[in-house]
Amino acid sequence: MPNIKKKKQQSLHKRDSEFAIANKQLEKLSNGIFANGELPTFSEKIKETDQFPLRPSKLEILQINVGYMCNQVCEHCHVDAGPDRKEIMTRETMLQCLEVIKNTGAHTLDLTGGAPEMNPDFRWFVEEASKAGIQDFIVRSNLTIIRANKKYHDLPEFFKKHDVHVVSSMPHWTRGKTDKQRGEGVFDQSIKALQELNAVGYGMPNSNLRLDLVYNPSGAFLPGDQTSMEKDFKKALLEDFGIYFHNLFAITNLPISRFLDYLIASENYEDYMYSLVEAYNPAAVKNVMCRNTISISWDGYLYDCDFNQMLELKVASQIQHISEYNEDILNNRKIIVSQHCYGCTAGAGSSCQGVVTN
Amino acid sequence: MANNNYYDPADLKKFGKISEWSKELGDKFFEYYGKVFEEGALTAREKSLIALAVAHTEMCPYCIDAYSQDGLQRGITKEEMMEAVHVGAAIKSGATLVHGVMMMNKVNKLEM
Ligand code: SF4
Ligand code: SF4
Chain A
1 MPNIKKKKQQ SLHKRDSEFA IANKQLEKLS NGIFANGELP TFSEKIKETD QFPLRPSKLE
61 ILQINVGYMC NQVCEHCHVD AGPDRKEIMT RETMLQCLEV IKNTGAHTLD LTGGAPEMNP
121 DFRWFVEEAS KAGIQDFIVR SNLTIIRANK KYHDLPEFFK KHDVHVVSSM PHWTRGKTDK
181 QRGEGVFDQS IKALQELNAV GYGMPNSNLR LDLVYNPSGA FLPGDQTSME KDFKKALLED
241 FGIYFHNLFA ITNLPISRFL DYLIASENYE DYMYSLVEAY NPAAVKNVMC RNTISISWDG
301 YLYDCDFNQM LELKVASQIQ HISEYNEDIL NNRKIIVSQH CYGCTAGAGS SCQGVVTN
Chain B
1 MANNNYYDPA DLKKFGKISE WSKELGDKFF EYYGKVFEEG ALTAREKSLI ALAVAHTEMC
61 PYCIDAYSQD GLQRGITKEE MMEAVHVGAA IKSGATLVHG VMMMNKVNKL EM
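Each protein sequence line maps, in turn, to chains A and B.
Per full-length UniProt numbering, residue 1 is the first one in the first sequence, and the count goes up by one each step.
Per full-length UniProt numbering, residue 1 is the first one in the second sequence, and the count goes up by one each step.
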């Protein structure tokens with residue numbers, strides 16, 4: 001068995017790991033099994049069904065990454081987030097985002113990070129953005145941040161006040177699996193945070209305060225059926241802790257950043273890529289999230305998705321920054337794909353909202 | 001043959017090919033197999049654990065590989081998996097031992 005050291009407390013950036021560099025990741029994803037013809041590249045694969053180049057459909061979701069700082073250092077993190085990451089969106093960039101939010105045709109605003117709440121202007125931004133009349137205003141909260149420090153304890157009330165839709169990660173309903181992926185003590189703190197969200201009305205059966213959970217596998221395997229996982233999660237969390245939530249989104253781990261590092265260190269990389277390619281589902285391609293999403297980074301650059309952002313693949317358009325945003329021009333772009341895209345098209349497909357096929 | 005082992009993990013992926021030499025029987029088998037594992041009176045999760053236990057009593061490396069992975073995908077924990085293996089082991093050892101009664105019967109009959 002390969003000997004991998006568990007519980008690394010620092011980001012790849014801090015550790016000076018080669019996979020902190022986007023180009024090194026892209027190189028890994030393009031060479032070896034994909035260069036020697038053993039496996040088809042993603043663009044070759046989607047050519048089979050005439051879906052290359054991949055083009056955007058109607059823009060529905062603006063995803064804004066307000067910074068890579070996080071109170072956790074999860075093993076699978078595709079952002080390589082952690083306490084040592086200092087990239088944070090400034091108020092100036094937020095103002096540019098607000099301008100776009102007010103004028104966009106998108107119905108969903110999705111704030112992510114890192115832990116978005118750690119951005120010092122987070123609350124101001126939520127207050128301003130919630131006035132813009134967006135239908136679905138999502139904040140991706142890692143739960144433990146609510147418990148991390150006194151200044152965050154009132155977050156459930158704050159979310160409620162601004163009618164925010166809370167989406168939170170929960171890798172499993174058992175302590176062991178959760179803590180292994182996300183760090184010692186994360187499970188207990190997540191449970192407490194969920195109970196606090198329930199206490200103000202989030203996730204309750206007939207409540208409009210939406211609380212959804214995100215499940216992603218704690219290792220080198222694909223997620224199981226989303227519907228039965230949701231059933232199992234609901235049963236276990238209710239029986240063991242009296243917790244309610246609305247939906248579970250099952251997400252596939254994409255082979256980039258810390259998960260890529262883990263796959264290689266644990267000697268699972270090739271097998272994992274084989275299983276992604278084997279599970280490739282052409283029907284999932286038309287609903288991959290880059291088709292209806294624009295992802296904006298902390299420094300205001302535009303990407304097809306959060307994954308391309310981490311691989312530093314800016315949109316292939318004359319417009320690459322929020323300051324010059326133009327939806328019509330952006331809609332004419334070609335989406336940039338590489339082998340990590342197999343993660344979005346395996347099985348029932350995977351996006352920030354879970355599976356993409358019915 | 002490139003491989004000198006009786007078992008090759010890559011063969012698991014080729015399982016479906018058995019239909020190539022006898023399409024009708026192969027197809028019937030896979031249709032039956034698929035039906036068996038569908039959600040029914042037992043959940044697909046329970047069936048996965050039964051399959052894992054039987055994989056061990058049958059000592060089939062392909063099935064152990066497949067159903068360990070299947071269990072993880074279904075969110076089954078290590079503890080649940082190991083308990084299932086113990087159930088298989090208990091039945092297997094019990095089945096061996098209960099035949100001891102047959103031996104005792106025979107010996108008792110033959111001995112003066
Ligand atoms: S997965 Fe989420 S909670 Fe974990 S380190 Fe990354 S951003 Fe933070
Ligand atoms: S990784 Fe990004 S670009 Fe690739 S298919 Fe998924 S959403 Fe689209």
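Be aware that one or more of the hints could be misleading.
Unchecked claim - Some residues of chain B that are not near chain A, with every Cβ distance over 10 Å (derived):
| id | residue |
| --- | --- |
| 1 | F29 |
| 2 | E39 |
| 3 | A41 |
| 4 | R45 |
| 5 | I50 |
| 6 | V54 |
| 7 | H56 |
| 8 | C63 |
| 9 | L72 |
| 10 | S93 |
| 11 | L110 |
Unchecked claim - What follows is a set of in silico ranges between Cβ atoms, one per label pair, in the way DEER data are often shown:
| id | chain 1 | residue 1 | chain 2 | residue 2 | range |
| --- | --- | --- | --- | --- | --- |
| 12 | A | Y301 | B | V36 | 30 to 36 Å |
| 13 | B | G94 | A | Q10 | 50 to 56 Å |
| 14 | B | E80 | A | R123 | 41 to 47 Å |
| 15 | A | S57 | B | K17 | 35 to 41 Å |
| 16 | A | Y301 | B | S19 | 36 to 42 Å |
| 17 | A | D136 | B | K35 | 37 to 43 Å |
Everything labelled a hint here was simulated from the structure, so no lab data went into it.
All of these numbers come straight from a predicted model, not from anything done at the bench.
We treat Cβ as the ideally placed atom computed from N, Cα and C, and that holds for glycine.
Hey, is E39 (chain B) genuinely clear of chain A, shortest beta carbon separation above 10 Å?
8 Å, violated
May I ask you to test the hint 35 to 41 Å on the CB atoms belonging to S57 (chain A) and K17 (chain B)?
39 Å, holds
Do Y301 (chain A) and V36 (chain B) keep their Cβ atoms within the hinted range of 30 to 36 Å?
Violated: the Cβ-Cβ distance is about 52 Å, outside 30 to 36 Å.
Do Y301 (chain A) and S19 (chain B) keep their Cβ atoms within the hinted range of 36 to 42 Å?
Given range 36 to 42 Å: violated, Cβ gap about 51 Å.
I want to verify a distance hint. Is the separation of the beta carbons of G94 (chain B) and Q10 (chain A) within 50 to 56 Å?
Hint holds: Cβ distance 51 Å, inside 50 to 56 Å.
Examine each Cβ of chain A, and state whether all of them lie more than 10 Å from the Cβ of F29 (chain B).
21 Å, holds
So S93 (chain B) supposedly isn't at the interface. Is its beta-carbon more than 10 Å from every beta-carbon in chain A?
28 Å, holds
For R45 (chain B), is the shortest beta carbon distance to chain A beyond 10 Å?
The claim is violated: R45 (chain B) sits with its nearest Cβ about 7 Å from chain A, within 10 Å.
Is the nearest Cβ of chain A still more than 10 Å from the Cβ of I50 (chain B)?
16 Å, holds
No chain A beta carbon within 10 Å of A41 (chain B)'s
Non-interface label on A41 (chain B) holds, nearest chain A Cβ at 16 Å vs cutoff 10 Å.
Taking C-beta pairs only, is H56 (chain B) more than 10 Å away from all of chain A?
19 Å, holds
Confirm or reject: L110 (chain B) is not an interface residue toward chain A, with every Cβ-Cβ distance exceeding 10 Å.
L110 (chain B) is indeed farther than 10 Å from all Cβ atoms of chain A, at 52 Å.
Checked against the numbered hints above, the structure breaks hints 2, 4, 9, 12 and 16 and satisfies the rest.
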